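K.L.:
Each chain, letter by letter, is given below.
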Amino acid sequence: MPSLLGNIFKGWADYSKGNEEGGHHDYEHMYALAIDLDLCTGCNACSTACYAENNLPVVGEDKFGARQAMHWLRVERYFDEPDMDKIEDTNATDTQSRGASFLPMMCQHCNAAPCEPVCPVGATYHTVDGLNAQVYNRCIGSRYCANNCPFRVRYFNFYDNADSWPAPMDQQLNPDISVRSKGVMEKCSMCIQRTRAARDTAKREGRELKDGDIQTACQQTCPTSAILFGDLLDEASAISKVWKRHQVKLGTYKQDKENPELRGYRIFEELNVDTKVLYLERVREV
Amino acid sequence: MSPDRPKRRPFPWIRTIMAAGVVGALIVLGGQMLEQERVGGESPVTEAGPRVPNAVFPTDTFIGKDVPQPINYSHKLHAGDLNINCLYCHTYARRSKVAGIPPTAKCMGCHTVIATADEKPEIEKLTIMWESGQSPAWNKVNDMPDFVHFSHERHLQKFLFDNPDMNVEDSREVCAMCHGDMVEVGVAKKMRPLTMGFCNTCHENNDGPADCTRCHK
Amino acid sequence: MATKIDRRNFLKVLGLGGAGAALAGCDMPSYATLEEGEEQVFSYLAPEEYMVPGIGVWYASTCLQCAAGCGVHGRVREGHALKLEGNPDTAVNKGKLCQMGQSALQTHYNPDRITSPRIGEKNVTWPEALAFIKEKVTGAPVWMTGSISGHQAVLLDIHLNASGGGAHYAVETVNAQVWQAACADALGDAQPNLHIDKALSVLSFGADFLGTWISPVKFMADYGAFRAAPRGVLTVVEPAMTLSGANADHWVAARPGSEAAVALGVAQVLATAYSVSTSALPSGAADAIAAMTPERVSALSGVDAKTLSKIARTLMSNSPSLVIGDGSYETAAAAMMLNLMLGNVGATITPGVELIPTDLGVRNGSTKALADFATDAQAGRIGTAFITGANPVFTAPGGLKIEDALAKIGLKVAVAMFEDETTALCDVVLPLASSLEDWGTHVPATGAGRGEVHVQQPLMEKLHPDVLGLGDIMLGLAQDAGADGLEDFEDYYGYLRTAISAMIGADLEPAWQAVLQAGKVQAPAADRAFTANGAIAINVPETSAPTAGQLSLITTARQGLFDGRHANLPWLQEAPDQISKAVWDSWAEIHPATAAGLGLKDGDYVTITSDSGAITTRVFLYKGVHPDAIAVPMGRGHTHYGRYATGIGVNPLSLLDGTADARTGEFINTTSVRVHATGDNRHLVRLMDVDSQYGRKLAATISADQLRRNQANKQGSA
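Line by line, the protein sequences are chains L, W and F.
As numbered in the numbering used here, residues 1 to 286 make up the first sequence, in order.
As numbered in the numbering used here, residues 1 to 217 make up the second sequence, in order.
As numbered in the numbering used here, residues 1 to 718 make up the third sequence, in order.
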């Protein structure tokens with residue numbers, strides 16, 4: 001075990017780096033997402049693809065009602081405000097004049113994640129890929145991280161999920177990712193198994209990772225291509241272009257946009273957790 | 001009326017326990033620091049040396065169980081006396097997470113011609129399996145828990161293929177880092193502890209990644 | 001005075017002492033062995049060169065979860081299919097897949113699959129089952145299937161011809177028959193190409209093109225292009241919100257059954273306020289339009305004049321437009337008339353593609369076929385029925401009394417993956433291979449991509465050794481019936497390979513491998529041509545209001561459980577419904593004002609009764625449903641469909657009386673119902689119990705005007 005004090009002295013130069021200097025990691029990648037809410041139809045294919053890819057257990061009605069479902073990616077549905085105003089006025093027979101707003105919500109992989117510093121055993125931390133990692137076998141189940149998450153995107157295995165996969169359904173499980181047992185926290189990992197596999201492939205072929213090598217499960221299945229995944233450190237990548245086009249920068253909670261009406265925004269930006277999922281506002285004819 | 005008892009000093013429980021705690025902490029912390037000096041120096045668990053160039057070679061040993069197998073395959077004979085390269089059979093290590101048990105076709109490639117079913121009882125067993133379309137049920141020896149995702153390919157790339165001073169013919173030296181010298185055993189035995197500490201020590205000494213999610217995802 | 005350890009001091013002592021020990025951490029070296037000899041590895045015998053354990057192999061195939069027929073790529077590791085993705089090379093879905101397609105894995109690996117043939121209650125062998133069938137068959141057997149295409153359909157026809165010329169009933173509850181009839185009548189082409197991507201406005205009268213109509217994944221991709229600059233506007237008019245409606249810029253609630261009136265009302269506004277000519281329309285249409293004044297529309301549908309004007313204005317300002325319709329022939333025909341008036345034909349509606357090998361084309365399923373089947377069975381005209389890909393006992397309207405009709409059939413043979421309400425009534429059940437284990441060819445529902453026929457191949461060995469593929473079963477039956485030309489084929493694979501080799505004009509291995517790798521084969525095709533307008537009869541009902549004191553029940557399918565066929569897939573039961581976000585149970589959508597009138601609040605149980613049946617379920621209050629309607633989506637309510645579906649929810653189809661559309665014979669999916677509270681209440685389990693963002697910027701919306709200003713200013717970009 002490296003000496004505690006030795007590490008602090010050695011790493012001081014790194015720890016004291018500010019966000020504008022790239023923070024205290026030497027990031028190799030900065031994986032991020034951009035979700036175009038105008039293209040999202042709310043079909044839920046992304047969520048089911050995530051279940052298939054990441055060995056998510058199905059919990060049934062009672063546990064779902066107790067908020068113990070394990071959907072790493074959930075599609076929220078809101079009805080628009082003008083119609084909501086009158087929901088209490090039960091005599092009003094007016095009906096919706098617009099459709100719903102859909103919001104795919106998953107771990108935002110915050111660069112200043114409130115879940116990371118509170119883990120008593122360091123089971124969640126920021127990787128050099130920019131992901132918020134969850135190490136299942138280190139987790140002791142204190143659930144402090146889920147408590148701290150403002151997006152409520154961390155899911156705890158309150159139960160052993162063995163009956164989620166009665167034979168032969170267990171043959172569908174993806175061997176590239178652990179099956180979590182009771183007492184362990186889990187959440188979206190931006191398909192770390194795919195990220196890792198693509199990186200290994202690139203190393204095998206002796207080349208750098210290029211944009212498009214990695215597709216997360218949700219991105220790959222989305223019929224309208226509303227979800228985009230990529231590396232923000234790669235300036236030629238599609239995702240960098242989207243973030244740049246909408247003038248949203250990491251490392252600040254007050255964006256300095258030339259045109260404040262540009263569609264890109266981050267959720268709960270005022271909390272200063274520096275999320276890495278950019279949402280593009282839905283557009284509607286009024 | 002009871003006589004006065006002489007007052008005695010009560011045993012200082014609180015102070016004793018506190019002192020024991022401090023002493024215990026000092027012992028263990030001190031022990032860590034002592035161990036610090038060992039790593040990288042003449043460590044009993046690693047050596048820099050000629051076996052794999054540009055790498056620090058783990059030398060801790062471990063006495064593994066005797067794991068019975070459906071076929072009594074001898075590494076000593078094939079990898080030792082006959083000097084067959086590890087990668088000839090465990091081909092998948094070059095390209096995959098798993099090194100793989102060779103498909104029976106690979107065995108039969110030789111054993112339909114030499115040391116055939118008529119001559120060797122183990123080959124007879126194997127040939128019966130082959131002809132009836134039955135896969136041998138091997139018992140895993142060097143097995144990791146399901147939450148450990150180890151990639152043979154990455155390790156071979158670093159120590160063997162991308163190692164400028166290393167010949168592929170000597171791949172057994174690289175394999176021996178984690179599997180010990182298999183030329184000394186018949187049926188496979190686990191010859192390194194393969195604990196996380198073992199992996200970590202090697203990673204620290206050989207500039208391997210320290211990121212948890214490299215292995216635990 | 002003595003500092004003894006008592007309970008006041010205990011924790012203090014423990015904490016202080018413990019702190020010291022805790023500082024130490026613990027890096028005790030452990031040589032405890034972990035997993036030696038615990039697990040097993042089964043090595044391969046003689047694998048293909050490309051099979052490397054640890055690395056997945058991808059195979060191309062076709063998804064059969066609905067009739068759209070999207071191409072898929074399946075990831076297979078160590079002989080197990082683990083994940084499905086869309087095939088990037090198939091034009092229908094371009095590499096994308098919906099949640100039903102993703103869940104095909106659970107259809108395949110489902111623990112409730114039928115694994116052995118059975119006769120009555122007894123499990124038997126295939127030879128016994130086939131012998132029984134041969135012995136008991138009476139008359140010319142008939143087939144009931146879902147929508148079917150490709151070489152399976154060819155073999156089906158061969159079998160029917162060879163065995164006495166029995167009928168083929170292609171049954172689908174979710175279909176576009178009324179639209180296809182309107183297109184055939186108006187254009188001479190039942191399946192024209194619809195170019196949503198080229199339209200600047202789309203007006204849908206209840207056609208859920210993003211959810212379940214024809215080919216949703218294809219339309220969703222087109223929708224993406226539709227929303228890109230120059231931006232399209234979507235208007236949806238329907239009685240209860242569907243997924244397409246949920247994405248509308250402008251959503252309009254119309255009384256169930258009155259959508260045709262609204263369409264004609266829009267046409268009237270176009271003709272009067274915008275002077276759009278009606279000369280291109282068939283005779284009689286112009287009069288029907290003129291008679292549909294805004295007042296009459298309002299009385300029939302509840303849609304006011306202002307809304308009609310807005311719809312008309314949207315169509316006129318955003319051209320070219322596309323109008324689609326579903327639910328009844330009148331609605332579809334009225335929608336087609338709007339297309340004719342607006343000049344969309346040739347712009348956003350173009351002729352479809354005809355496959356030159358016409359025998360491969362799609363036999364589109366309908367509910368009329370189910371009605372015909374019931375009629376023929378009741379009349380004693382069916383002696384033997386083979387049923388596959390259909391569950392008529394579950395999907396038939398309650399008023400059809402399908403069980404009585406089935407009872408009249410002498411021999412009923414089900415070819416199925418799962419025991420369901422229909423197999424429970426069949427004499428023989430033959431276990432069917434899943435789509436991941438079987439061979440086939442399929443023509444996509446839209447016929448998108450000129451002449452592209454999708455190929456289905458097994459992704460892995462059969463999970464259960466006794467199942468057989470559909471093509472194999474049909475080939476065997478056809479051979480048994482003495483059909484010519486099939487003698488050389490041992491199995492469906494052989495038949496298919498020969499047929500496809502003939503299609504591509506090459507029969508060597510590399511050519512065959514190329515077809516399998518692409519997942520599709522190109523067949524010669526020709527564009528159809530539109531013919532002159534036929535007559536479209538528009539019969540707008542005098543009133544569509546429900547009987548006094550009653551509500552109009554409307555039932556629609558969702559992209560998820562669909563018509564109930566996917567209720568046995570846990571992923572889809574747990575996938576929240578797109579609109580209500582409910583899981584694992586049925587619900588009845590009702591307007592808050594209507595609920596107040598009935599004294600209902602969220603979660604109250606109601607019994608909904610029609611002349612054909614009754615169901616009891618909980619209400620969900622929201623404003624996305626017409627106040628005269630009660631909407632219960634179909635999909636749940638199975639009594640016999642495995643552990644994940646049986647006893648869950650209610651089946652609204654049982655309330656329908658089987659009234660059919662006059663022109664097409666399709667069942668109408670609305671009926672008048674009585675609703676009363678039972679007094680019970682239980683919280684409906686939903687993904688989220690809030691419908692409002694409470695002023696937070698979660699799913700934000702920007703107006704299209706603002707977007708246009710952004711683009712004009714060119715500051716950054718949209």
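Take the hints with a grain of salt, since some may be wrong.
Stated by the list, open to error - Quick list of in silico lysine-lysine cross-link-like pairs, PhoX-like style, CA-CA up to 25 Å:
#  : chain 1 : residue 1 : chain 2 : residue 2
1  : F       : K697      : L       : K254
2  : W       : K65       : W       : K7
3  : L       : K182      : L       : K203
4  : F       : K94       : F       : K198
5  : W       : K7        : W       : K76
6  : L       : K63       : F       : K601
7  : W       : K106      : W       : K125
8  : W       : K120      : W       : K106
9  : L       : K203      : L       : K17
10 : W       : K125      : W       : K65
11 : L       : K210      : W       : K158
12 : L       : K244      : F       : K601
13 : L       : K182      : L       : K63
14 : F       : K401      : L       : K241
15 : L       : K249      : L       : K210
16 : F       : K601      : L       : K241
17 : W       : K189      : W       : K125
18 : F       : K697      : L       : K257
19 : W       : K158      : W       : K65
20 : F       : K697      : L       : K210
21 : L       : K203      : W       : K65
22 : F       : K697      : L       : K249
Unchecked claim - Simulated restraints on C-beta separations:
#  : chain 1 : residue 1 : chain 2 : residue 2 : range
23 : F       : N193      : L       : K241      : 29 to 35 Å
24 : F       : H676      : L       : F158      : 35 to 41 Å
25 : L       : V118      : W       : F161      : 49 to 55 Å
26 : L       : L271      : F       : A347      : 58 to 64 Å
27 : W       : T112      : F       : W126      : 33 to 39 Å
28 : L       : P114      : F       : T678      : 44 to 50 Å
The hints are simulated quantities; they were obtained by calculation from the structure and are not laboratory data.
Fair warning: this is a prediction, and the values are worked out from it, not measured in the lab.
The beta carbon of each residue, even a glycine, is placed where N, CA and C say it ideally should be.
K.L.:
Confirm or reject each hint.
P.N.:
Structure-based check of each hint:
Restraint check for K697 (chain F) and K254 (chain L): the C-alpha separation of about 15 Å stays at or below 25 Å, so the hint holds. Restraint check for K65 (chain W) and K7 (chain W): not satisfied, since their Cα atoms lie roughly 62 Å apart, outside the 25 Å limit. For the proposed pair K182 (chain L) and K203 (chain L), the alpha carbon gap of about 35 Å is over 25 Å, so the pair is violated. Annotation: proposed proximity of K94 (chain F) to K198 (chain F) holds, straight-line Cα distance about 18 Å (limit 25 Å).
Distance check on the hinted pair: K7 (chain W) and K76 (chain W) sit about 77 Å apart at the alpha-carbon level, beyond 25 Å; violated. Of the supplied pair hints, the one linking K63 (chain L) and K601 (chain F) holds, its CA atoms being roughly 24 Å apart against a limit of 25 Å. Note on K106 (chain W) and K125 (chain W): the hinted pairing holds, with a Cα-Cα distance of about 15 Å set against a maximum of 25 Å. The suggested pairing of K120 (chain W) with K106 (chain W) holds, with an alpha-carbon distance near 17 Å, which does not exceed 25 Å.
Between the alpha carbons of K203 (chain L) and K17 (chain L) the distance comes to roughly 30 Å, so the proposed pair goes past 25 Å and is violated. Proposed proximity of K125 (chain W) and K65 (chain W) is supported: the alpha carbons are some 24 Å apart, at most 25 Å. Annotation: proposed proximity of K210 (chain L) to K158 (chain W) holds, straight-line Cα distance about 22 Å (limit 25 Å). At roughly 48 Å between alpha-carbon atoms, K244 (chain L) and K601 (chain F) are farther apart than 25 Å, so this suggested pair is violated.
The hinted pair formed by K182 (chain L) and K63 (chain L) meets the criterion: a straight-line CA distance of about 14 Å does not exceed 25 Å. With a C-alpha separation of about 60 Å, the suggested pairing of K401 (chain F) with K241 (chain L) is violated against the 25 Å cut-off. Note on K249 (chain L) and K210 (chain L): the hinted pairing holds, with a Cα-Cα distance of about 22 Å set against a maximum of 25 Å. Of the supplied pair hints, the one linking K601 (chain F) and K241 (chain L) is violated, its CA atoms being roughly 48 Å apart against a limit of 25 Å.
Our distance criterion of 25 Å between C-alpha atoms is met by K189 (chain W) and K125 (chain W), whose separation comes to about 21 Å. Our distance criterion of 25 Å between C-alpha atoms is met by K697 (chain F) and K257 (chain L), whose separation comes to about 17 Å. Between K158 (chain W) and K65 (chain W) the alpha-carbon distance is near 30 Å, which puts this suggested pair outside the 25 Å criterion. Under the criterion of a C-alpha separation no larger than 25 Å, the hint pairing K697 (chain F) with K210 (chain L) is inconsistent with the structure, at around 33 Å.
Taken as a hint, the K203 (chain L) and K65 (chain W) pair is broken in the structure, with Cα atoms around 36 Å apart against an allowance of 25 Å. For the given pair, K697 (chain F) sits about 18 Å from K249 (chain L) by alpha-carbon distance, which is consistent with the 25 Å threshold. Evaluation of the 29 to 35 Å hint for N193 (chain F) and K241 (chain L) yields a pass: the beta carbon distance comes to about 33 Å. The given range of 35 to 41 Å is respected by H676 (chain F) and F158 (chain L), whose C-beta atoms sit roughly 39 Å from each other.
A hinted range of 49 to 55 Å is violated for the C-beta pair V118 (chain L) and F161 (chain W), which are about 42 Å apart. A beta carbon spacing of about 49 Å between L271 (chain L) and A347 (chain F) contradicts the range 58 to 64 Å that was offered as a hint. Range check, T112 (chain W) to W126 (chain F): about 36 Å between beta-carbon atoms, so the 33 to 39 Å window is met. About 46 Å separates the C-beta atoms of P114 (chain L) and T678 (chain F), a value consistent with the hinted range of 44 to 50 Å.
When held up to the earlier numbered hints, the structure conflicts with 2, 3, 5, 9, 12, 14, 16, 19, 20, 21, 25 and 26 and fits the remainder.
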